[in-house]
Amino acid sequence: MKNKHELVCINCPLSCGIELTEEDGEILEISGADCKVGLKYAEEEFRDPRRTVSTTVKVEGGVLPLLPVVSASPIPKSLVTEAVRVLAKVALKAPVADGQVVYRDILGTGVDIVSSRRLEAETTAG
Amino acid sequence: MSGARKPQCVVVGAGPAGLGAALAAREAGLRDVMLVERDFELGGILPQCIHDGFGSMVFGQVLTGPQYAQRYIDRVEKAGVEVKLNTMVLEMAPDRRMTLVNSREGIYDIEPASIVLAMGCRERTRHQVMIPGYRPAGVICAGAAQRDINIDGLMPGRRVVILGSGDIGLIMARRFTLEGAEVEGVYELMDHPGGLTRNVVQCLHDYDIPLHLSHTVAFIHGRKRVEAVTVAAVDGNLKPIKESERLVPCDALVLSVGLIPENELSKQAGVELDPVTSGPVVDERMETSVEGIFACGNVVSVFDLVDWVTRTAETAGRAAAEYVLEGRKRGAVVRVNPGRNVKFVVPQVVGSLDRGADFYFRVEHPERAVRAMVLAGGGEVYSRKAKMVRPPEMVHAGIDAVAGSGKVLDVTVEVVEEEGGASKKKKRGRR
Ligand SMILES: Cc1cc2nc3c(=O)[nH]c(=O)nc-3n(C[C@H](O)[C@H](O)[C@H](O)COP(=O)(O)OP(=O)(O)OC[C@H]3O[C@@H](n4cnc5c(N)ncnc54)[C@H](O)[C@@H]3O)c2cc1C
Ligand code: SF4
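Just so you know, the sequences run in chain order A and B. Counting from 22, one number per residue, gives the positions in the first sequence under our numbering. Counting from 32, one number per residue, gives the positions in the second sequence under our numbering.
Quick caveat, the hints were computed from the structure, so don't treat them as lab data. One should not assume that every hint holds.
[To be verified] Using 35 Å as the maximum straight-line C-alpha spacing, the simulated DSBU-like pairs for lysine-lysine come out as follows:
| # | chain 1 | residue 1 | chain 2 | residue 2 |
| --- | --- | --- | --- | --- |
| 1 | A | Lys-98 | B | Lys-418 |
| 2 | B | Lys-115 | A | Lys-79 |
| 3 | B | Lys-115 | B | Lys-360 |
| 4 | A | Lys-98 | A | Lys-23 |
| 5 | A | Lys-25 | B | Lys-416 |
| 6 | B | Lys-298 | A | Lys-79 |
| 7 | A | Lys-57 | B | Lys-255 |
| 8 | A | Lys-98 | A | Lys-79 |
| 9 | A | Lys-61 | A | Lys-25 |
| 10 | B | Lys-255 | B | Lys-270 |
| 11 | B | Lys-418 | A | Lys-25 |
| 12 | A | Lys-23 | B | Lys-416 |
| 13 | B | Lys-416 | A | Lys-61 |
| 14 | A | Lys-114 | B | Lys-374 |
| 15 | B | Lys-418 | A | Lys-61 |
| 16 | B | Lys-115 | A | Lys-114 |
| 17 | B | Lys-255 | A | Lys-79 |
| 18 | B | Lys-416 | A | Lys-57 |
| 19 | A | Lys-79 | A | Lys-110 |
| 20 | A | Lys-110 | B | Lys-270 |
| 21 | A | Lys-23 | A | Lys-61 |
| 22 | B | Lys-418 | A | Lys-57 |
| 23 | B | Lys-273 | A | Lys-23 |
| 24 | B | Lys-298 | B | Lys-418 |
Construct all of the structure, not just a fragment, from the sequences and the given hints.
Here it is as structure tokens:
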């Protein structure tokens, strides 16, 4: 049986409305995307939806108590909430460099979680 | 008082606008550029915007807010810009004299040869949308909640109602959920979401958070702390419908009801403001009505994308440098006419199109299958098809130099129905 899925591309602000037609899991047609990124997105959203995760982790001795972190590439959508829970238990020591790996291979996805800014240590002088 | 320092350019505010402008002014040849920021670090609003979605145009890559800021911070630090943190500009006069304050130097004056305003914007508050009820703790603006959670590690509530579906509200719906709070729903007065569709999808749909369009908060309950809100559907005049009222228990009401450019300083200096954007009236070089004072980013108009903020900043920084090094460029200017389905256009005035220009505008109502056009001196200088235009999204029209436009041309920006749009739509089938 043919099924139609209405999707919205989230890769750029144009937010194209995409229609994906499929039969028994086989993609027949993708229409409505304005560019190639949208085609790839629609296919992935149908077969293996993924999202970039961003959250914060605790930092000791930094100019701020939290460090923003982000997944180096998108992870399966179904694992996002669990990934944030795992990262809530992480605590680092300042200083932290921009792009430093904070957590390797989150939930066995093969994706690393990296720092998304530089965070200096708190100076007691001055 | 001639002991005051005289920097070549002072940039007020170190968000993406200020960072971009300071860098551009330096690269365009100014030796003495001073960047003044009241916060303890550079980056403006970006360090708290930990989600991704920044920079697809400037870097061709999707970055988080802190990552986008970090790239500019690194460049500004290398470029030899003088950075003054924890320093606030208190006053600014029409002759560009400024009063600054910080805890080490106290209050002091400077006399910059040029100024770039990059103060960003502030959130509209409960007061400005006039929600009836008590005044308990727990009513908080979305950007402030974002700062609490992402910078300071504080949770403003555990059971949350969000009023307004602007991008920050949508993003915070997801953030609260990921942090373990329950978001009861997002309520939007208008019949369409205020934020980008992609944020509705990945912030609400992904987490099954309901979006109630044509709804509002009709009353806030709780004397000390928010205990509940009354929500209601609204009629065609946006008035709550009594019979539809429903009580929703919660301990926080998060407001995402709009941003207003921050222009207290601009007013002091006599900068002409546009009543529609609430920001300075600027020309194609981002110069305001006051000689030597330029402006860029959200202080001019609230942009949806940081990439546009950076572009306006580069224009402003370069123009400020040119002003200092080569003298005044601005001659006579004409108003830009907002044509069909155009709510406002930045720049509002144009002096010359000799070097091309970037126009940014918002539409009044959503429309499909259209053409964005710029007409100058009666001729068409820009025309681009657009599948869809929506009020929350800024439309950009970058025009090339218009040859021989030595004299000031009459400029109109408009959105027109695409010729043959209807038949084309049919061919493509429904979307
Ligand atoms: C919550 C939120 C989420 C967003 N999400 C996205 C997104 O996903 N993608 C995207 O592309 N864009 C996004 N944006 C838009 C983008 O981040 C903003 O448009 C951009 O940060 C505006 O830059 P700015 O430099 O004009 O202002 P700001 O970043 O607000 O910087 C202004 C700076 O000026 C300083 N200042 C103000 N007055 C003074 C004074 N008198 N003296 C000294 N300093 C002063 C302030 O402290 C502040 O640091 C978002 C914006 C917000 C608010
Ligand atoms: S399909 Fe292409 S143009 Fe359309 S939203 Fe996706 S990335 Fe943007």
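A quick look at each hint next to the structure:
{"no.": "1", "hint": "Lys-98(A) / Lys-418(B)", "result": "holds, 29 Å"}
{"no.": "2", "hint": "Lys-115(B) / Lys-79(A)", "result": "holds, 28 Å"}
{"no.": "3", "hint": "Lys-115(B) / Lys-360(B)", "result": "holds, 29 Å"}
{"no.": "4", "hint": "Lys-98(A) / Lys-23(A)", "result": "holds, 25 Å"}
{"no.": "5", "hint": "Lys-25(A) / Lys-416(B)", "result": "holds, 28 Å"}
{"no.": "6", "hint": "Lys-298(B) / Lys-79(A)", "result": "violated, 41 Å"}
{"no.": "7", "hint": "Lys-57(A) / Lys-255(B)", "result": "violated, 54 Å"}
{"no.": "8", "hint": "Lys-98(A) / Lys-79(A)", "result": "holds, 24 Å"}
{"no.": "9", "hint": "Lys-61(A) / Lys-25(A)", "result": "holds, 17 Å"}
{"no.": "10", "hint": "Lys-255(B) / Lys-270(B)", "result": "holds, 27 Å"}
{"no.": "11", "hint": "Lys-418(B) / Lys-25(A)", "result": "holds, 22 Å"}
{"no.": "12", "hint": "Lys-23(A) / Lys-416(B)", "result": "holds, 33 Å"}
{"no.": "13", "hint": "Lys-416(B) / Lys-61(A)", "result": "holds, 24 Å"}
{"no.": "14", "hint": "Lys-114(A) / Lys-374(B)", "result": "violated, 50 Å"}
{"no.": "15", "hint": "Lys-418(B) / Lys-61(A)", "result": "holds, 20 Å"}
{"no.": "16", "hint": "Lys-115(B) / Lys-114(A)", "result": "holds, 27 Å"}
{"no.": "17", "hint": "Lys-255(B) / Lys-79(A)", "result": "holds, 31 Å"}
{"no.": "18", "hint": "Lys-416(B) / Lys-57(A)", "result": "holds, 18 Å"}
{"no.": "19", "hint": "Lys-79(A) / Lys-110(A)", "result": "holds, 8 Å"}
{"no.": "20", "hint": "Lys-110(A) / Lys-270(B)", "result": "violated, 46 Å"}
{"no.": "21", "hint": "Lys-23(A) / Lys-61(A)", "result": "holds, 20 Å"}
{"no.": "22", "hint": "Lys-418(B) / Lys-57(A)", "result": "holds, 16 Å"}
{"no.": "23", "hint": "Lys-273(B) / Lys-23(A)", "result": "violated, 45 Å"}
{"no.": "24", "hint": "Lys-298(B) / Lys-418(B)", "result": "violated, 39 Å"}
The structure is inconsistent with the numbered hints 6, 7, 14, 20, 23, 24, although it conforms to all the rest.
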